[in-house]
Amino acid sequence: MELTTVWFLLIAVLWTGYLVLEGFDFGVGMLLPVLGRRNNTDRRVMINTIGPVWDGNEVWLLTAGGATFAAFPEWYATLFSGFYLPLLLILLALIIRVVAFEWRGKIDDDRWRARADLALTVGSWVPAVLWGVAFANIVRGVELDADHQYVGGFVALLNPFALLGGAVTALLFLTHGAVFLALKSAGDVRERAGALAAHIAPVTLAVTAAWAVWAQLAYSVAWTWGAVGLAAAALLVLVRATRDRREGWAFVASAVTIVAAVVLIFGSLFPDVMPAFDPAHSLTVTNASSTDYTLTVMTWVAVALTPLVLLYQGWTYWVFRKRVSAEQIPASVGLTFARRAPAAAGVGTRRPGDGGAGIAAGSDAGSDATDRPTAS
Amino acid sequence: MEALDLARWQFGVTTVYHFIFVPLTIGLSPLVALMQTFWVRTGDEKWLRLTKFFGKLFLINFAIGVATGIVQEFQFGMNWSEYSRFVGDVFGAPLAMEALAAFFVESTFLGLWIFGWDKLPKKIHLACIWAVALATNLSAFFILAANSWMQHPVGAILNTETGRAEMVDIVAVLTNPTVLAAFPHTITAALLTAGTFVAGIGAWWMVRTVRRGDVDLARTVYRPAVVLGTITMLVAGVGLGVTGDWQAKLMFVQQPMKMAAAEALCESTDGAAFSILAIGDLANDCDGVSHLIEIPGMTAFLATGEFDAPLDGVHDLQAQYEEKYGAGVDYTPNLAVTYWSFRLMIGMAAGSALLAVAVLWFTRRGRVSDNPWLARIALAAIPTPFLASAFGWIFTEMGRQPWVVVPNPNPSGVDGVWLLTARGVSTVVSPAMVITSMAAFTLLYGVLAVIWFKLMHRFAVEGVADSEHDPSPEARTDDPDDPDSAADRPLSFAY
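Protein sequence lines correspond, in order, to chains A and B. Every letter in the first sequence is one number past the one before it in this note's numbering, and letter 318, counting from 1, is 318. Heads up, this note's numbering is the position in the second sequence plus 376, with the first residue counted as 1.
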C-alpha cells in the first residue's frame, strides 16, 4: 500500500477515535441541563462518569491535527485557514469546556457551578454541531483556487447539506452520550438517560439516514453503500436496544454508527482529501502529502505508539468501569471565595505546644464557617 | 494594521499567555510527584497533606495550560497557512510525535491520578503522577525541537521545484544543537518557577503559622516544603546559568544578528563590552543608541570565552544579509525589544535568588522564622520566574525577526532553507477575521486569567489541610470484595 494511503487511513482512524470517544463526553455535556436539571448531585454524577477520561479523549483531536500537519501539510494549511471562523468557535468552546471541568468543583457556590455548567453545555454543543458542518462541507467539496486556497468564504459553509450534517453529529453525540450515561451511571440518572435515549434514537435514525443517503447519492462511490448499510443496521439496533434498555448493546450500536459515518465520510473523499468544485484544484492524498521520508518516519512512530495508547487508555476505562451513583458523590471539596472567619481560622484555639488538638479544633470550626452561606 | 501584524500580535499574545501556565505545570509535576514519593516511602502524613495541597494548585493551573495549548496547534494552520505549507514536511513531525508520545500519556495518567486515589494500589497511583511529570517534560522536548528547527534548520533540504522544505534526517532534527541547549534551559526555568512557587508559598505560610503561635505546624509541615522548594531553586538556578551561557554561545554562531541586537552592538568590534544600561531612539536606528553603563570585554567573553574576540555588529550583518538574501529588507530585529527583553529575562532571576538567600538565612540550622520580610520577599519572588520566561520567549522570538525560519549559513545548519515571517501568513484570511479571533481570544483569556488567579490565590491562602486520611485501597478497612460496601462508599475524589 502507498504510504499516502496508509496515512489517509491513519487519520481516518484518529478521527474515529476522537468522534467515538469525545462523542459521548460531548453528549454528557450537552445533556447536562436536561438530565441534570433537578439538582447538583445529578449533574455531578453525570460529570463524574466522564471525569477521568474526557481529557484523554480530547487528545485524539490534537493527534489528528498534528498527524494532518505532518502527513498532509497542504490539507492542514488549506483546511485550517479556510474554515477559520468555525474552527475559532470550536477552539473557544473547547477552552471554556476544559477549564469548566477542572474548576467547577473548586468553589462551593451555586452561581459558580451554574456558570461552569453553562460553559460545559455550550462548550459541548458548539463543537458537536460544527464538526458535522465542517466534515459535511469537506464531503460536499469546497471552492479551492489553483493554489489550493479556500476562497469560498464563510457563508458558503452554511449550505443545507452541511447544516444537516451538523444536526447529524449533534444528534449522534446526544444519543451516544445518553446511552453512555445509561451504561455508566446508577439510579435515577441511569433511568432517565435510558428513557431519553429511547426517545431520541428514532429521530437520530431518521436524520442520520437522510443525510447518509444524500451524501452517498450525491458525493460518494459505490462501495460506501456498505458504510451506509452498516450505519442503518447499527441505528436499528440502537432503536431496539434503547427501547429494551439493553445498555451495553445500545452503546455498541451508537459507537458503530459513528464509526460507519467516519467510513462514509473518508470513503467518499478518497483519493481526495479536500475535493474542490473544480476537480483540477482538488487536494489529493498525493498533492497534499509530505515526502516519503517523513511519512516513513511517522509510520514507525505511529506503529510503535498507537497500540500503547490503546492499551493504557483501555486500562483507564477498566479501572473506572464501575457505575457512578448519587450515593458515591462526596460532599463538595470546594472552598468559598469568602475567607474563613478569623475566629474560626484557629488563631484563638491554637497555642504553641497544644499541637494536634488545636489543629483539629481549628479544622472543625473552619469547615463550619465554610458551610454557612455567608460566613461573615 | 495588516493581517500580518495582527497575526503576529495574536501569536505573541496567545503564546506568551500559554507560557504563563506551562512552566508551572512542567516544574510542579515532578515536585508533586516527589512529595507523594516521600509519603509512600515514609508513610509520613505531612507529605500526603503537601501532595494534596500543591496537587490542587497544580490541577487548577494544568487545566488552563491544556485549554490554551489547543489554540497553539490550530493557530499555525489558521493564521500561518503559508508557513505551514513551507515547513509542514519537517515541522509537523515533532508536533505529531508530541501528541502521540506525550499528550496521551499526560492526559490519561492525570485522569488516573486525580480519580484513582482510592482505586489504584499506592505505588501504581504514584507511578501515574510520575508518568504525568515525565510526559509534560517530554512534550516540552518535542515542541522545543520544532521551535529550534525554526531558529536553526537542520536535517532538511529545499525542494526547488515546490519551493518547500523537506525533511531528510529526523535524527538531525531531534538532536539539533539548538534544542539540546534550549530544552535544558527551558526545563531548568520551569523548575525554578515551580521551586520559587513552592518555597514562596511555603515560606509565607511558615511565617504566618509561627506568628499565630503554631511553631509545631510551621516546623513539621511548611518548613519541609520550603526546603524542597529552595533545593529545587538552587539546582535549577545553577542549571539555568550554565545552559543559558551555553545557549548564548550557540546563538552568537547561529543567529549573530539576534545577539548583536541584544547588545545593540552597531559596529563590528574586538572585545565588545556588555551593555548594562542604554537608551535609544524609537526609530530602531542602531546608531541612535547610547550605552550608559558597560562592562568592557564582557560580551566578547560571553560569546566566545575570550575577552578580546571579534564580533560582528548590526551594520555589517545587515550588509551581509542584503548580499545573501536581497536588498530592501530590514534584517535588524526591533532593537529596544530585543535589548530589554534579554536583560529583563536575566534580571528577573534576582527575585528567586533573593528568596533563596533569605530562606537559607532565616531557616538556617533547622530554624523556623516569623520575620515579616521573609513573607514579603516570598510573595514578591513568586511572579518573577514567570516574567523571566515571558521575556525569554519575547527575546528569542522577536530577536529572530524578520525571519520565521532563520537562515543558517554556518557549518552546523543547512543552507537554503529559510522563510521571512511576512511570507508565512495566511493569504486567504482577512484582517477582519484576525481581529475577530484576536479580540475573542484576548477577551476570553483576560477573563480566564482573573479566574485562574483568584482560584490559585484562594487555594494558596487556604493552606495545607489539618489532616488527610490515607485514601489508598491498602488502607481500607472494609472488605474490598464485598460489593455492597464498595458500591455505596463515597469516592475519595469527584468533580
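Because the hints were derived from the structure by calculation, they are not lab data. One or more of the hints may lead you astray.
Here are the simulated DSS-like pairs of lysine-lysine, each with C-alpha atoms no more than 27 Å apart in a straight line [claimed, not checked]:
1) B:K499 <-> B:K428
2) A:K322 <-> B:K499
3) B:K428 <-> B:K498
4) B:K432 <-> B:K498
5) B:K422 <-> B:K830
6) B:K432 <-> B:K422
7) B:K700 <-> B:K432
8) B:K499 <-> B:K432
9) B:K499 <-> B:K422
10) A:K322 <-> B:K428
11) A:K322 <-> B:K830
12) A:K322 <-> B:K432
13) A:K322 <-> B:K422
14) B:K830 <-> B:K428
15) B:K495 <-> B:K422
Examples of chain B residues lying across from chain A (beta carbon under 10 Å, computed) [said to hold, decoys possible]:
16) F491
17) K495
18) K498
19) A766
20) W769
21) T797
22) A816
Some chain B residues close to chain A (C-beta under 10 Å, calculated; not the full set) [claimed, not checked]:
23) V447
24) R461
25) D465
26) A475
27) T484
28) N535
29) W622
30) H691
31) Y697
32) Y701
No residue lacks a Cβ here, since even glycine has one placed at the ideal position from N, Cα and C.
For each hint, the structure was consulted:
Distance hint between B:K499 and B:K428 is fulfilled; the C-alpha atoms sit about 16 Å from each other, no more than 27 Å. The hinted pair formed by A:K322 and B:K499 meets the criterion: a straight-line CA distance of about 22 Å does not exceed 27 Å. Restraint check: the Cα-Cα separation between B:K428 and B:K498 comes to about 14 Å, which is no more than 27 Å; the hinted pair holds. Note on B:K432 and B:K498: the hinted pairing holds, with a Cα-Cα distance of about 19 Å set against a maximum of 27 Å.
Distance hint between B:K422 and B:K830 is fulfilled; the C-alpha atoms sit about 26 Å from each other, no more than 27 Å. For the hint pairing B:K432 with B:K422, the CA-to-CA distance comes to about 15 Å; that is within 27 Å, so the pair holds. Distance hint between B:K700 and B:K432 is unfulfilled; the C-alpha atoms sit about 54 Å from each other, more than 27 Å. Annotation: proposed proximity of B:K499 to B:K432 holds, straight-line Cα distance about 20 Å (limit 27 Å).
A threshold of 27 Å between alpha carbons decides the hint, and for B:K499 with B:K422 the separation of about 18 Å falls inside it, so the pair holds. Between A:K322 and B:K428 the CA atoms are separated by roughly 25 Å; this keeps the pair inside 27 Å, and the hint holds. The straight-line distance between the Cα atoms of A:K322 and B:K830 is roughly 35 Å, outside the 27 Å bound, and the hint therefore fails. For the hint pairing A:K322 with B:K432, the CA-to-CA distance comes to about 25 Å; that is within 27 Å, so the pair holds.
With a CA separation close to 31 Å, the supplied pair A:K322 and B:K422 exceeds the 27 Å bound. With a C-alpha separation of about 19 Å, the suggested pair B:K830 and B:K428 falls inside the 27 Å cut-off, and the hint holds. Taking the CA atoms of B:K495 and B:K422, the gap is about 22 Å. The hint holds against a cut of 27 Å. Residue-level restraint check for B:F491 holds (minimum Cβ-Cβ distance to chain A is 4 Å; threshold 10 Å).
Checking B:K495 against chain A: minimum C-beta separation of about 6 Å stays under 10 Å; hint holds. Among the interface hints, the one on B:K498 is violated; its C-beta lies about 14 Å from the nearest C-beta in chain A, farther than the 10 Å criterion. Residue-level restraint check for B:A766 is violated (minimum Cβ-Cβ distance to chain A is 20 Å; threshold 10 Å). Interface hint at B:W769: violated, since its Cβ lies 21 Å from the closest Cβ of chain A, which is beyond the 10 Å cut-off.
Nearest Cβ of chain A to the Cβ of B:T797: about 16 Å, over the 10 Å cut. The hint is violated. With a cut of 10 Å, the hint placing B:A816 at the interface with chain A holds, because the nearest CB-to-CB distance is about 6 Å. The beta carbon of B:V447 comes within 6 Å of a beta carbon in chain A, closer than 10 Å, and the hint placing it at the interface holds. At a threshold of 10 Å, the smallest CB-CB gap from B:R461 to chain A is about 5 Å, leaving the interface hint in force.
Hint on B:D465 holds. Least Cβ distance to chain A is approximately 4 Å, under the 10 Å limit. A cut of 10 Å between beta carbons decides the hint on B:A475: the least distance to chain A is about 4 Å, and the hint holds. The beta carbon of B:T484 comes within 4 Å of a beta carbon in chain A, closer than 10 Å, and the hint placing it at the interface holds. Proximity of B:N535 to chain A holds as hinted, the smallest CB-CB distance being about 8 Å (cut-off 10 Å).
Interface hint status for B:W622: violated, as the beta-carbon distance to the closest one in chain A is roughly 28 Å, over 10 Å. At a threshold of 10 Å, the smallest CB-CB gap from B:H691 to chain A is about 37 Å, leaving the interface hint violated. About 27 Å separates the beta-carbon of B:Y697 from the nearest beta-carbon of chain A, more than 10 Å, and the hint is not met. Interface hint at B:Y701: violated, since its Cβ lies 24 Å from the closest Cβ of chain A, which is beyond the 10 Å cut-off.
Of the numbered hints stated above, those contradicted by the structure are hints 7, 11, 13, 18, 19, 20, 21, 29, 30, 31 and 32, listed in ascending order.
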